[in-house]
Every structure is written in structure tokens, then in C-alpha cells.
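Protein chains in written order, with the working numbering: chain A, 1 to 263; chain Y, 1001 to 1309; chain X, 2001 to 2315.
Treat the hints with care, as some may be off.
Where chain Y lies over chain A, by a calculated footprint (3+ residues, C-beta under 8 Å) [to be verified]: (1) 58 to 64; (2) 184 to 192; (3) 213 to 220.
These are computed hints drawn from the structure, not numbers from a lab. We put the CB at the ideal spot given by N, CA and C, even for glycine.
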Amino acid sequence: MNSNPMNFRIAHIATNTFREAVRDHVLYNLIAFALLMSGAAILVGQISFGIERLVVINLGLASVSLFGTVIAIFIGIGLVSKEIDKRTLYTMLTHPVRRWEFIVGKFVGLSGTLVVNTFFMAIGVFAALLYVSRHFQKADVWVLVALYFIILQFLIITALALLFSSFSSPLLSAVFAFSLFIIGSFSEDLRGFAAMTNGLARWITTGAAYLVPNFSALNVISSVAHQQPVAGHLILYNTAYALLYTTMAISGAVLIFERRNLK
Amino acid sequence: MRASRKVAIAASSVLILCLMGSIFTLRRVDRMRNAATLEEVLYVSSPTALKRMSLGYNGLLADIYWTRAVQYFGGKHHDGATHLDLLAPLLDIAAALDPQLLAVYEFGSNFLAAKPPNGAGMPERAVKLEEFGIKNNPDEWRLYYNLGFIYYLDLKDYAHAAETFDRGSHVPNAHPWLKILAAQMAQHAGEIQTARMLWTTTLQSSQEHYIRANAVAHLRALQVDEDVTNLERVASFYKQKNGRWPSSFAEIARAGLMTGTPVDPLRRPYRLTTDGHVEVRSPDDLPFIEKGTPPGYVPPKKPKFLPTD
Amino acid sequence: MTAIEILGFEKTYSVGFWRKKQKCALKPLHLQVQEGEIFGFLGPNGAGKTTTLKMLMGLVFPTAGTARILGMQLDDPRMKAQIGFLPEQPYFYDYLTARELLEYYGQLSGMPARSGHGRVNETLERVGLSHASDVQLRKFSKGMLQRVGIAQAILHDPKIVFFDEPMSGLDPMGRREVRDLMAQLKRDGKTVFFSTHILSDAESLCDRVAIIHRGELRGVGAVADLTSSVQGKVEIVWQGTVAPAGMKAWGVDFHVTGKTVRCVVTEDQQDAAIEMLRRDRLRLISVIPVRTSLEDYFVSKLKTGKMEAHAGVGS
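So here's chain A without its partners, still in its complex pose (with noise of 0.2 Å):
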């Protein structure tokens, strides 16, 4: 089969999981991030007095950021059991889709979704941070940074979601995605951690330190709110592990569809 058609189908499995998000009435999460984002602009001048640009992006850039992981497990987790429930994967794969492609459109049909939805808070928050600091500096670049790195995170937690929930029921899959994302935010102290123990105890730290995502490194929000540059080798590499670390958990996810048994 030329790669064209390929190319179509996933195209078509992404364009259907994002229609089914939307149908789903996801994207009202925006008008809560829009109230909270109006009501931190207005209020933050009268609580904390020559930190008004530190509060906004801060405040803005966590909630961008927990506002998409949620959506990514929540969404995720049911990627693939969801399909399963309800027995539309039956009809589906009887259609000349190869079943990674099933799984290679679900992902990118989130991960769009999750982007779109990140670019109208971008939005939200510049619209803040212009109310609070009346013009745009030249700082301002790096959140855009620090965003495109929270996209970056969304990458991976959602091929995790969608990893778990190629073999595993909704409410393990979020325990389990949950934990991680958790765990994953101080990595580098796990790390650290493992360095400082010996024997059997370290090979399994340290195991455990690198295989878990490493989102402590995609969160430069507390610098970026002082101002302070991003490097340009940081975006390079984070941008790599990034990518490489979503693979692999999308081949896994590939790997354990391809046999499962439908029953």
C-alpha cells in the first residue's frame, strides 16, 4: 500500500478524535480558564503591588498546564477502551486501517487538540499580561517558550494515557497516569536520589529515575515569570527527549494493540 493513503487514514483518525473532543463539549474548559485569567488580571494589582507580571504568568502558566494534563489523562485514558466498550472498534478495524494507524491517529487527534486549545490560552494569558503590564516587553518572548514546552509535556502525557490505555481499564489508566505525572515533576531529585543509594536499590532507582518522563526540565515557568532567557540548547534537547520519549511510548502502545484479543 503506497504511503499516501496511510498518511490519509491517520489524517482522518485524527480528524474524528478531535471532532469528538470538541462534540464533547471539551473545549468549554476554556471559558473557566478565561474567567480565572480575568479575574487574576484584575485582582492581582490590588493583593500583590510590582509583582503584577510575575502573578499573571505564574498564575496563567500553571493553569495552562493543569488544565491540559487533565484534559490529556481524562482524554487519553479512554482513547482506546472507550473504543473497545462500546464495540465502535469493531466496525472500524474491518475497514482497510492497519491497527497502528488506529493508534497513530488517536494520538495525533488529542495531541491537536490539546494544541488548539493551549493556543487560545495562550491568548488568554498574553491579553492578562498586556491588561497588567500595559505593552509587551521583550521578556515576553520566553513565555512563548515555556509554552511551547508545556506542549511538549502534553506530548507525553498524552502517548502515556493512550499507553496505558491500550491494555488497561479507564480507572487504572488515570491512576497510573496521574502517578507519573506526579512523579515525573521531580525527576531530577529521583535522580539525584539514586546516585546516593547503592546496590540493588540503586540499579532500580536509577531504572526507575530514567524511565519516568522528565517534566521537571519542561517546566521553566519560574524563570521564565523573572525574565530570565531560556537556552537555546535546552529547547533543542528537551525538544529531542521530547519527541523520542513520545515514541517510544506510542511503539508501546502499537506494540501491545497489534495482539490484543477483542473480545
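Got chain A; can you put chains Y and X on it based on the hints?
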């Protein structure tokens, strides 16, 4: 139909009664737990543990603790409290979560060291806080200024103050007055000019409204001290010349020793006592003054130096 | 050409908490279906029909054995483009409309966009859903969902159509329509493979059937052949309300309906019975040989547990 209407009425009444009841009991519970609430904020009192639990959102958490610190201070001040025990831990946590949050160090230097009821009365902890700040932000001149400020004002340790101001003056983009302040410490530490320079620097470099109000109040106090000193000197000069104390400023003016009616920074005229002392009309409105208060004057429990006063 | 060839399909599940117990869902199955025929796959619930179908569709992987559809492997996308599948009690993305669903599946099948629209409308019309084409599937009744299922199975004009219990949940009108559709598909030269536990449908539609019970194939053959064996009995109907004494003595059952009597006697007794009726001056209405119904055959196969092949079938 009848039965379901009855159920509807019963259910609504129960709902309203329970709502009122729960609000009432809630208020009772709040009163019992008054002291406990802020302690819970510090339930995780270890900054490193908190930083780990913040899942990378430590900047936001630092902002929250910082805001709580400011509110805590405002609240305690409003109550006229003499113990501000939680200010230091709150500021420490905020600094630990975000060592680059300069506002924390600024607030600490202004209100952590000062004696109650103007502050928490913990100059050593304030020094520790500033040094933590300097360690993490070695190129911020304000932090050296803050530290010198504490040594000068609260610890009266002019040697250390001079050294700190000097260190700060070498930092790029430092305020030009740091060098001058360093020099002043040596000879003229106790002088009004030095103090005025200090508070003016604070006023110019801070945007935090409590800090600015505090600086303004101190500058006014310095003005009053200066005015009272000068006016009493003129009054005793008059006595020397004319053998008796003047009865009013107008008399001194008629003698050609001064012009106009002197007013305090709040535009209220000074009062001249029969024995040549100068007093302000409403000392309660001018906190921090060291001169110009009537004998036996006791400053109010709640000094009025915040904009909310 | 052989449309479907099943070579030793077998499926065993490991059940239990530690996955130690083995449960056999399908014993080795050998079956062939020719092009252009309507093939019925019969059996009670839990016999292994759905398991077989799912293995053919690549949803479940056999423990042993292989199969070929149109001469191609089961995971060959070229093969999948030429088959359609209607699962039992189908579900679809309920946030899509019927039209959107068909367009989506059409895109996945590689239908070009332009002709796609036309095909979708045509198919919707064919299954009688044109009036509801823009309603979200979550609002569809069971019968309507069944029609959507059929629509997506035939949309891309496949050579073979697989139906799993296509009549389930349909009212008599709906069942009639599905039967007519399946007959039409055959006339169009397609092969239809469907599973059911309703024998009357199979009897009226199928060219050949296979009977499966407890995971084992019990019988295969052309419907005509399976029901042709005469049991050696005749049914006699006459006018009146009584039966001759002699016949009563045989101990056979008499059914009186209005002014006619009916009973079943053996071929040997046939002449004697007719004679007795003539002597009693009872007016004979009909004498008809009794044939095995598919149901009889079915039940007998389930009881004996023996495998039987009839002429005209390879296995």
C-alpha cells in the same frame, strides 16, 4: 399530584432550614478554629518538602505564600497585635520556593526586623533572610541595601551597615547613593541626613504600598524631628536675647528670627509651650517621631503608618 | 472461486485469576464458502459463531489454524477493502450523524471524496435512512442503528458481506427488509455470510448452512439437501370431526380444527388409512409426505453430536 406537591414543599423547607443551620454552625466552628487556620497554611513547614510537593509550580506557590505574608501583616497590624510570629516562616517559605522573588526580601527588611507593633521584632532572622537572598541573587543591589538597612536601623550596627552598603555599591547598576551611605555610616550614622537618605532610597526603589507608606511616615517623622530641633533652638535664642521664653511663634517672627507660621508635614501648625518646647498638635497621626511629643505621651497601640489606617 | 476458506480455526481462552484454566471456545473448524452464495452459520447462543466471525475479521487471533478470504490473508488491507462487516448490536460514534459516519468510513476505505458523497446518499436511501441522515447517532433507535450498520457494511460495494445476527432487535418489517436486502445482494453477485440462531430466516434465505454447537461443527450442507430426507411419514387431512376406529387403534394423534381432522401416519399405514376413510365415507382432502424441517435437522444434530457431511459440500 397532591402527594408529590407535599413532598416538594417538605423537601424545599428542609433544604432551606438545613442551609441556614449549616451556615450558623459554620460560623460557630470558625470562631473555635480562629487560631488554627493560619497554622494550617504552614502545615508543611519544611520548605524543601513544599518545593517538591509543588510539582514544578513553585513560582506560583511562592506568590501565594508571599501574598499570605502581606495579608498576615496587614491583619495583625489592624488588630494592634504585638506578636507577629508567623511573618518570618511565611517569608522564609516564600523565599525558599522562589529565591528570586525580590519582593519577599524587601518586605522582610522593612517589617521583619522592626520592633512590634511596627514589625515582628526579629532582626536576626531578617538578616538571615537577606543573606539567603544575596546568596541566590548576588547581582541585585537592593538586597545589599535591605541588609544594610537592617543593620543601621534595627541593630544599630553601623560597622556592618557600612560594609554591606559598600559591597552593594560594587554591584552593576547599583543605586548611586549606596556609596554615599557607606561613607556616612562611619561618621554620621546618627544624623538625620543619613536617615533621610536611607528612607528616600526605600521610597524611590519600592512599589509595594505598605513599604512606601512606612517610608513616607518615617520621612515625615524625620522632618518633624528636624523642625522641632530647629524651632526649639530659635526659641532658646530668643530667650537668650530677651530674657524670657517667647509666647508664640508670631512673637519670634516679629523679632525677626523667623518668618511665617511653621507647620508640620501634615500642614498642622506647631505649638509652642510656655517653657520653649515645641509640640505637634496630633502626635497620634505622626508615628515614629522622637521629638515634639507632649510629656507623658504614650503612642497608640496601633501605629498609623499603613495606608489602610 | 472459494470466497472464504477456514483451515482449522481454533480458539482457547485462558480464564481464571491466574489464567490457568483453559476454556475452549472453538474446536478446529474447517469450512469453505463459495462465491455468490448466501451461507448461514447456525447455532445456539454461545456456540462459537461470533468467535469465528471475529477471527475472520481479525478482531480476535486464533490459537491455531488460518483462513483466507478471497484468497488473501486476513490482515491484508486489499482484502479488507472488499469485505463489509455488521457486528451484533452495533455501536457507532454517537456524536456523529449517520452521514458523517458513512463519510468517515468511506474515507478510511479510500473512497475518493467526490464519488463518496453520491455513494453515501445512495446507501442511506437503500437502507431507508435518508430522512435521518443528519441526526446524531445517539438519538437513533435500535432498528435504525442496525440499518446504519448495514449501510456501512455495503457502502464501499464489497464482494463479501459478513453479518452477525443481522435480524436481532428488528421488528417484523425490519426483518423483512433485511431479508430482501440480503437476497438483493446475492442477485448483485455478492457473497453473504451470516450467523443467526433463527432457523426460519436461514431456511428461507440460505443456499448452504453450517451448524455449530459448543464450539464444534455438527453439520454442513445445502438447505435443500438437509431438508429433503423424507421421514417416511404422511400427513392425511379429511373432512369431518371423527376418526375411523381402526386408525384410533394405531394410537396416532388426531387434530380437529373446525370441520377437518388431521393426523400423521407411516407410509405403510397410508393405504390402509385411505381405505378406512373411504369405508366410513369420510371425504379425503389431502395426503402429503412429511419432510424434515431445518429445525428438526438442527435439533437432531445437536443431540447426536456427530458430524455429517452432505453431497455438494467440501470440508
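Hints, one by one, checked against the model:
Taking a C-beta to C-beta cut-off of 8 Å, the segment 58 to 64 of chain A contributes 3 residues in contact with chain Y, enough for the three needed, and the coverage statement holds. Counting residues of the segment 184 to 192 of chain A whose beta-carbon sits less than 8 Å from any beta-carbon of chain Y gives 3, enough to reach three: the coverage restraint holds. Coverage of a stretch by a chain is defined here by at least three residues with a beta carbon nearer than 8 Å to that chain's beta carbons; for the segment 213 to 220 of chain A and chain Y the count is 3, and the condition holds.
Every hint from the earlier list agrees with this structure, and none is contradicted.
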